[in-house]
Amino acid sequence: MDATTGELILNWKPRAQHSRIGKLFDSKPFLVTLCMLPTAGLLLIFLTYPLGLGLWLSLTDTTIGQPGEYIGLDNFTSLFDDPVFWGAVWYTIFYTAVATAGKFLLGLWLAMLLNHHLPFKAFIRAIVLLPWIVPTVLSSIAWWWIYDPQFSIVSYILVDVLHLRAHYIDFLGSPWSARWSLIVANIWRGIPFVAITLLAGLQTISPSLYEAALLDGATGWQKFRRITVPLLMPILSVALTLSVLFTFSDFQLVYAITRGGPFNSTHLMATLAFQRAIPGSQLGEGAAIAVSMIPFLLIATLVCFFGVGRRKWQQGSDND
Amino acid sequence: MPGLTRRDTLLSGASALIGASAVPLIGARAADLDVPTADVPNPGFKPEAGASIRVLRPAKFVDPDETLFRANTKKFTETTGIPVRVDFVSWEDMRPQTAVTANTGAGPDIIVGFGSDPQIYADKLIPVNDLADYLAAKYGGWHQLALLYSRRWGTKDWLAIPMGGSGGASVYRVSWLKEAGYDSIPNDHAGFLAMCEKLNKAGHPVGFALGHAVGDGNGFADWLLWSFGAALTDPDGKVSLDSKETIAALNYAKELYPQMVGGTLSWNDASNNKAFAAGDISLTFNGVSIYYVAKNSPDPKLQAIAADINHQLPPFGLAMKPPQSSLVVNAMTFKHTQYPNACKEYLRFMMEAPQYAPWLAGCLGYWSNSLKAYGKMAFWDADPRLKPYIDSMDTPYYDSYQGPISAASSAVAANYTLVDMFASVATNNATPEAAVKQAARQAARYLKG
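In order, the protein sequence lines correspond to chains A and B. Residue numbering for the first sequence follows the working numbering, starting at 1 and increasing by one per position. Residue numbering for the second sequence follows the working numbering, starting at 1 and increasing by one per position.
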C-alpha cells in the first residue's frame with residue numbers, strides 16, 4: 001500500500017513545470033491581464049485618447065490649420081467673461097431639467113397605459129418606439145418644418161382650416177418660444193426610451209402584490225405610491241441617468257432647427273462648442289466648452305444615481 | 001479636320017460640352033467664346049514626366065458646375081496625357097479636409113478652397129505669380145476681390161488662382177414692384193425703405209434672413225453695415241464696429257424689420273428661397289439659385305414666377321461700389337505636390353477661354369468671373385436678368401473689411417456676431433448702443449480689440 005501511494009505521489013507532477021510558457025499561462029494575474037488587454041486597448045484608443053486630446057486642446061490656442069501652443073487656462077478664463085457661453089450653460093441646464101421631467105412624467109404614464117392588456121399590444125409597443133428609432137436628424141428636419149414660420153402644418157390647421165387664429169405662429173422667432181419649442185421636440189423624441197424602459201420595469205412587478213393590496217382595500221393612488229414607485233426605483237434611476245446624459249449632450253435637434261438662434265438664445269453647450277471649433281475654426285476654444293460640460297455631467301450623473309436610486313441593491317443586497 | 005478655323009473648332013468643342021450636359025439653352029450662347037483677349041505669350045509650364053494630379057473642390061450646387069468642370073479636366077488629360085482626379089466634397093467638409101491636407105503635407109495637389117484659406121495656409125502653398133500675371137495680362141486683369149483674397153495680405157505675391165466668386169443681388173418680383181409704382185429698386189436708404197413699406201401695404205412684404213444663416217444672414221448684415229459706411233475693423237484689423245455709422249445702420253434695420261415677412265429671425269440659408277418660391281415675399285438678397293431653380297423647374301407655377309423675377313445690385317446707400325461680398329473660390333497648389341509645373345499647367349488650362357467660358361456660362365451666373373474679360377461675354381446679355389451677377393467680384397468688400405483677411409474673419413462670421421447684433425436691435429430686444437458694444441466685444445475675442 002505504502003509503495004503504491006509512494007508511486008502515485010512520485011508519478012504526479014504539476015503540468016506547469018513542463019515549460020515556461022505553460023507556467024506563465026497558469027499564473028492568474030498574467031491571464032487576467034492578457035484577457036483584459038483587448039478591452040483596455042479599445043478603451044484607450046477610442047475613449048481615453050479622444051478625451052485626453054480634447055483636454056489638451058482646451059489648454060492650447062489651436063485653430064484649424066495652425067497647431068497651437070500651450071496657453072494654460074486662458075480659454076477658460078476668456079469663456080468666463082463670455083455672456084454667450086453662460087447663456088448656453090444656463091439653457092443647457094434648463095433644457096435638461098425641463099425636458100427630462102417632461103419625458104419621465106409622460107413616459108411613466110405611457111408605460112402604465114401600455115402595461116394593461118390591449119389588443120395589438122406588440123404592434124402598439126413597436127409604434128411607440130418610432131420617435132426613438134427614426135434618426136434624429138430626420139425627425140429634427142420634420143420638426144423644423146412643423147415650426148417653420150411660413151409653412152408650418154400647425155399654423156396651417158389653426159389659421160387656414162379651423163380659422164382659430166389670424167396669423168401664422170412664429171414658433172422660433174423669439175427666444176422663449178424657440179426654447180420651449182425645442183424642449184417639446186426633445187420630449188417627443190425621448191418619451192419612447194423612458195416608456196419602454198419603465199414598461200420593462202413594470203412587468204417585473206408581481207401581480208400578486210396588487211391583488212394583496214386590493215384585498216386590503218388600497219386605492220389606486222395608494223397602489224401606485226406604495227407598490228409601483230418603490231419597485232420601479234432601481235430601473236427608474238438607471239433610465240433617469242441615461243436620459244439626463246442624452247439630453248445634456250444633445251446636439252442634432254438644436255443644430256438642425258435653430259443653430260442656436262435667435263440671437264444665441266437656444267445654444268446648448270454642445271452646439272456652441274461645435275460652432276466655435278469647426279465653422280469658427282477655434283479648436284482650442286471649442287474644446288474648452290466641451291470640457292466644461294464634464295463637471296456638469298458628472299454632478300448630474302451622481303445626483304441621479306445616488307440621490308434617486310439610493311437602494312440596497314446598488315450595494316449588492318436584496319431590495320426589500 | 002481641314003478647312004476648319006480655330007474658332008470653329010472651339011465652337012464645336014464648346015457646344016459639344018454644353019449639349020452633353022443638358023445645360024439650359026441660354027447657356028449655349030457662351031459657345032460664341034467672345035472673350036476679348038490680349039496677345040500674351042504662353043508661360044510654357046513644362047509638366048514633369050509621369051505627372052498625375054489630384055484636385056479637391058467644393059460640391060456643385062448647379063449641375064453644369066460639375067459636368068463642365070469634369071469635361072474640361074478630361075480635355076486636359078486628352079491633350080497632355082496627364083491623369084487628373086477631381087473629388088467633389090460637400091461644403092462643410094472642405095475646410096477640415098483642407099486643414100488636414102495642409103498639416104499632414106499629403107493628399108490632393110490642388111485644393112479649390114473658400115475665402116481666407118490661402119492666407120491661413122500661405123506658407124504651405126506654391127507661389128503662382130507667373131501664372132496669375134499671365135492670366136491678368138491676357139484677360140484684362142483681376143477683379144478687386146481676387147486681388148484681396150488670393151495675394152499674401154499686403155504684398156503682391158500670389159498664393160492661389162481665384163477661379164470665381166458666388167455673389168448676391170436683390171431678387172424681386174417685377175409685377176409687384178410695378179403695382180407699388182416702381183420700375184427698379186431705389187438705390188438710397190430712404191427710397192428703399194419707402195418702397196418696402198408700399199410693398200408690405202400691398203400684402204407683398206420683403207424678407208431678409210436675420211437667423212443663424214451663414215450665407216444669407218451674414219450677407220444681409222454686411223449690406224446694412226457697408227451701405228452705411230460702417231466696418232467691422234479698421235485697416236490695421238482693430239475692431240472699429242462701435243461707430244455712429246453702425247448705430248445708423250442699426251436704426252435703419254429697426255425701421256426695415258416691420259416691413260419684412262414674419263419669422264425671419266429663425267430663417268436659415270434655405271428659408272428665403274422657400275418663401276420666395278411660395279410667393280410669400282416680393283424681394284430678398286440671394287445668389288442666382290432662386291431664379292435658376294424656378295426657371296429649370298417643370299412646375300408651371302414656378303415657371304411663371306421665374307418669368308416675373310428680375311435682379312438688381314443691392315442698394316448702394318452711401319457706398320461707392322456694391323456693398324456686398326462674394327464667396328471666393330481659390331485654387332491652391334500645395335508645396336507637397338511632386339508635380340508643381342503640371343499643376344500650374346492644369347490651372348492655366350482651366351482658366352483659359354475655351355474651358356473657362358463654357359463653364360462660367362453653363363453655371364448661369366452661379367459663379368461670377370474673377371478675370372475682367374469674362375464679364376464681356378455675350379451670354380450675360382442673352383438673359384439680361386443675369387446682369388447684376390457679372391463682375392460680382394468687382395467690390396472692395398469682404399468679411400472683416402477693412403482689416404487683413406485671416407482665420408479670425410471667418411470666426412466672426414461663423415459666430416453670427418453681426419447677424420445677432422442687427423436681429424436683437426430690429427426686434428427691440430436691445431438698444432443700438434448696447435448691441436454694438438456687445439458685438440464689438442464678441443468680435444474682439446478673435447480680432448484685435
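Just so you know, these hints were derived from the structure itself, not from any lab. Predicted, not measured: the structure shown is a model, and the values here were computed from it. Each hint should be verified, as a subset may be incorrect.
[Claimed, not checked] Reference listing, derived: stretches of chain B covered by chain A, where coverage requires no fewer than 3 residues with Cβ under 8 Å from a Cβ of chain A:
(1) 185-197
(2) 250-263
(3) 380-386
(4) 402-416
(5) 424-431
[What the hints assert, rightly or not] Per the computed footprint, the stretches of chain A lying under chain B, defined by three or more beta-carbons under 8 Å from a beta-carbon of chain B, are:
(6) 81-88
(7) 98-112
(8) 153-162
(9) 223-235
[Said to hold, decoys possible] Simulated restraints, written as ranges between beta carbons of each label pair:
(10) N115(A) <-> E433(B): 56 to 62 Å
(11) K238(B) <-> T301(A): 44 to 50 Å
(12) A202(B) <-> K121(A): 54 to 60 Å
(13) F76(A) <-> G154(B): 33 to 39 Å
(14) D234(B) <-> W90(A): 55 to 61 Å
All residues carry an ideal CB built from backbone N, CA and C; glycine is no exception.
We went through each hint and held it up to the structure:
1. 185-197: That given contact is violated, which follows from only 0 residues of the region 185-197 of chain B lying within Cβ reach (below 8 Å) of chain A.
2. 250-263: holds (count 3)
3. 380-386: Not satisfied, violated; 0 residues make the cut.
4. 402-416: Holds: 6 residues of the region 402-416 of chain B have a Cβ under 8 Å from chain A.
5. 424-431: It holds, with 3 qualifying residues against the three required.
6. 81-88: With 3 residues closer than 8 Å to chain B, the region 81-88 of chain A meets the three-residue bar; holds.
7. 98-112: violated (count 0)
8. 153-162: It is violated, with 0 qualifying residues against the three required.
9. 223-235: Per the Cβ count (0), the hint is violated.
10. N115(A) <-> E433(B): 56 to 62 Å: 60 Å, holds
11. K238(B) <-> T301(A): 44 to 50 Å: 45 Å, holds
12. A202(B) <-> K121(A): 54 to 60 Å: 58 Å, holds
13. F76(A) <-> G154(B): 33 to 39 Å: 34 Å Cβ-Cβ, so the 33 to 39 Å window holds.
14. D234(B) <-> W90(A): 55 to 61 Å: Violated: the Cβ-Cβ distance is about 34 Å, outside 55 to 61 Å.
Hint compliance for this structure: hints 1, 3, 7, 8, 9 and 14 are not met, and every other hint is.
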